[in-house]
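The listed protein sequences correspond, in order, to chains A and B.
With UniProt numbering, the residue at position 303 of the first sequence is 303, and numbering never jumps.
With UniProt numbering, the residue at position 200 of the second sequence is 200, and numbering never jumps.
Calculated directly from the structure, the hints in this document are not laboratory data.
One thing to keep in mind: the hints can contain errors.
Identical copies look the same in the list; a pair holds intra-copy or inter-copy alike.
Claimed, not checked - Under the rule of at most 35 Å between Cα atoms (straight-line distance), these lysine-lysine pairs were calculated in the DSBU-like manner:
1) K93 to K293
2) K131 to K215
3) K295 to K215
4) K93 to K286
5) K93 to K237
6) K223 to K93
7) K93 to K297
8) K286 to K131
Number of protein chains: 2
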Amino acid sequence: MNLSIGVDIGGTNSCVGVVRPDGVVSERTQFRTNEYDNGTAYANRLAVAVREVMQLATANTNEPVTWLGLGVGAPNGNYLSGCIEEPPNLRFKGTTPLVELLNERLELPRIALTNDANAAAIGEKIFGAAKEYRDFIMITLGTGLGSGIFVNNQLVYGHDGFAGELGHISVIPDGRYCGFGRRGSLENYCSATGIRRTYFEMIAQRGGSTSLDDKPLGAITAKDIADAADAGDEIAKATMDFTGRLLGEALASTALVTSPAAFFLFGGPVQAGEILLEPTRRSFEKHLIPPFKNKIKIIESALPMGDAAIIGAAALITPENKKTSPNLLSDVL
Amino acid sequence: MNLSIGVDIGGTNSCVGVVRPDGVVSERTQFRTNEYDNGTAYANRLAVAVREVMQLATANTNEPVTWLGLGVGAPNGNYLSGCIEEPPNLRFKGTTPLVELLNERLELPRIALTNDANAAAIGEKIFGAAKEYRDFIMITLGTGLGSGIFVNNQLVYGHDGFAGELGHISVIPDGRYCGFGRRGSLENYCSATGIRRTYFEMIAQRGGSTSLDDKPLGAITAKDIADAADAGDEIAKATMDFTGRLLGEALASTALVTSPAAFFLFGGPVQAGEILLEPTRRSFEKHLIPPFKNKIKIIESALPMGDAAIIGAAALITPENKKTSPNLLSDVL
Chain A
1 MNLSIGVDIG GTNSCVGVVR PDGVVSERTQ FRTNEYDNGT AYANRLAVAV REVMQLATAN
61 TNEPVTWLGL GVGAPNGNYL SGCIEEPPNL RFKGTTPLVE LLNERLELPR IALTNDANAA
121 AIGEKIFGAA KEYRDFIMIT LGTGLGSGIF VNNQLVYGHD GFAGELGHIS VIPDGRYCGF
181 GRRGSLENYC SATGIRRTYF EMIAQRGGST SLDDKPLGAI TAKDIADAAD AGDEIAKATM
241 DFTGRLLGEA LASTALVTSP AAFFLFGGPV QAGEILLEPT RRSFEKHLIP PFKNKIKIIE
301 SALPMGDAAI IGAAALITPE NKKTSPNLLS DVL
Chain B
1 MNLSIGVDIG GTNSCVGVVR PDGVVSERTQ FRTNEYDNGT AYANRLAVAV REVMQLATAN
61 TNEPVTWLGL GVGAPNGNYL SGCIEEPPNL RFKGTTPLVE LLNERLELPR IALTNDANAA
121 AIGEKIFGAA KEYRDFIMIT LGTGLGSGIF VNNQLVYGHD GFAGELGHIS VIPDGRYCGF
181 GRRGSLENYC SATGIRRTYF EMIAQRGGST SLDDKPLGAI TAKDIADAAD AGDEIAKATM
241 DFTGRLLGEA LASTALVTSP AAFFLFGGPV QAGEILLEPT RRSFEKHLIP PFKNKIKIIE
301 SALPMGDAAI IGAAALITPE NKKTSPNLLS DVL
């Protein structure tokens with residue numbers, strides 16, 4: 001049986017899983033990312049975790065196992081260089097040559113790295129709802145807003161590996177501050193974090209009580225707000241409407257660039273479905289120019305919430321992905 | 001000798017030229033586009049013009065001639081369908097299946113169609129300054145603002161052939177009106193037409209005299225304004241600064257999507273060089289997020305002004321372009 005390994009590096013935890021050919025995560029383990037402040041120590045710990053799940057999978061499988069390799073999704077993971085570069089949310093700063101460090105520690109035919117949103121896009125293409133799409137854009141709503149872009153059946157890396165940073169598109173001139181000192185970026189409004197900020201702004205502006213009043217402030221998530229909106233909470237509904245309006249307008253501008261057949265939306269706030277998708281679609285169609293209207297879909301991701309990052313990372317080294325990105329993957333072979 | 005034919009369909013004139021392997025237009029002819037109000041009559045006239053330049057070229061060449069084919073650049077020319085679709089500035093409306101009509105009238109191994117900005121991008125790649133670039137964006141400043149995008153050495157057509165409509169990106173909320181009834185689109189400000197509008201707005205706001213006061217109003221072009229700015233005209237300089245500021249900001253947003261190694265600028269207003277390029281670069285760098293700063297070039301096109309559209313159209317059917325777009329060009333073979 002052909003097995004691959006996916007690694008999802010988050011600011012808090014690193015999750016490692018074995019992915020079966022049908023995209024199901026069978027064995028898994030995790031450890032804390034934030035205990036490591038340098039890349040070499042981190043790579044040592046990650047190699048231990050990888051060996052652990054490989055041994056488990058071999059023990060759990062009755063037939064002979066062929067390991068395809070290891071895919072890693074990480075914030076600021078650069079596919080072309082194989083390095084994690086200046087990650088804002090990790091304790092190991094600067095440039096960490098993770099692919100090189102892992103190749104020194106593991107005997108695997110192929111190890112590749114990309115950022116989390118690109119990994120999600122590849123996961124959607126190989127295992128999710130985008131299988132039949134040659135031109136699409138994946139949007140992930142989490143702490144930030146990430147994107148992965150497919151053009152002509154290939155992931156777009158750009159000249160330096162940094163393509164697909166839609167989270168930093170400016171949507172409101174002189175709007176909310178973001179990490180880079182710039183203002184009004186899309187992710188300050190439409191990421192899971194941005195949706196929370198909008199909810200609090202809506203409470204500030206409208207006053208009154210909400211259906212989440214009994215919940216500790218810090219524990220309120222964008223998914224809670226989406227669910228509250230779905231259940232009729234007026235302030236939460238206004239929050240999702242505002243989010244959809246901005247997101248739809250930004251996606252309409254993006255459609256002008258690569259003319260995708262669909263956008264796939266992934267993340268907690270999307271799980272409530274139409275409560276975000278409907279206002280997003282409405283605003284999207286409103287802002288499109290006529291040749292683009294009524295033909296580009298906005299679809300909920302089919303990747304499972306908990307395992308999407310592991311599945312996407314593992315998809316990076318599948319033969320199907322190699323076939324669709326012949327020029328690019330030759331660089332890491 | 002391998003020869004190709006390029007056709008540039010404009011709203012007023014259609015220009016037809018024979019293009020040599022080095023990208024030089026040797027024989028040429030033209031006729032009025034706006035005398036034709038249906039696609040079939042137009043295709044008949046175009047076929048006559050094509051035969052005319054082919055006979056001239058054969059007579060002028062001492063060695064045996066091999067015809068590679070015919071490339072057409074037209075407003076709303078769709079590469080994937082081979083049709084001119086709902087062109088706003090042509091008298092033949094609806095959908096004209098130009099590639100099919102021309103294949104019925106001409107014996108050529110290959111006939112292909114794309115829009116004028118895509119043709120310019122392919123021309124820059126095959127014959128111009130973009131030869132060594134795998135990821136770049138061509139921007140044409142004319143009546144409108146067109147763009148052609150290369151990703152991973154291939155022109156981006158999108159799922160429907162409409163990719164690369166950067167002219168319609170919104171830059172000023174509730175700004176100037178455009179043809180689609182939308183407001184504040186980039187091309188209303190930064191196309192050649194938009195630069196004229198800005199010049200008149202600057203005169204309105206600042207009053208006083210300009211260095212173009214002796215010229216008939218209707219004859220003042222964006223190139224005149226760029227040249228006046230270069231010669232020290234304050235209102236013209238303010239116009240070019242304003243143009244560069246908006247253009248640079250829009251290019252910075254676009255860079256986030258495909259991360260090109262360079263933008264190539266083409267058109268009359270660019271011919272004065274730094275007077276537009278300098279403020280564009282300054283604004284571009286200011287609006288980029290850190291991972292994108294100081295590495296993406298903004299370069300003047302190397303295509304000759306008069307023949308760029310013909311050369312670009314002819315480049316569409318060169319073997320070099322076929323090599324760089326294997327998936328796409330198989331569709332028209």
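Status of each hint after checking the structure:
Only between protomers do K93 and K293 lie at most 35 Å apart by alpha-carbon distance; the minimum there is 19 Å, versus 44 Å within a single protomer. Proximity of K131 to K215 under the C-alpha cut-off of 35 Å is found in neither arrangement, the shortest distances being 40 Å within a copy and 59 Å between copies. Proximity of K295 to K215 under the C-alpha cut-off of 35 Å is found in neither arrangement, the shortest distances being 41 Å within a copy and 47 Å between copies. For the homomeric pair K93 and K286, the shortest alpha-carbon distance between copies (24 Å) is at most 35 Å, but the shortest distance inside one copy (43 Å) is not.
In the homo-oligomer, the alpha carbons of K93 and K237 never lie at most 35 Å apart, since the shortest distance is 39 Å inside one protomer and 44 Å across protomers. Taking the shortest Cα distances, K223 and K93 sit within 35 Å of each other inside one copy (31 Å), while across copies they are farther apart (48 Å). For a Cα distance limit of 35 Å, the shortest separation of K93 from K297 across copies, 28 Å, qualifies, whereas the shortest one inside one copy, 39 Å, does not. When the C-alpha separation of K286 and K131 is checked against a cutoff of 35 Å, the pair qualifies only within one copy, where the shortest distance is 28 Å, while the shortest distance between copies is 39 Å.
This entry does not satisfy hints 2, 3 and 5, going by the numbered hints stated previously.
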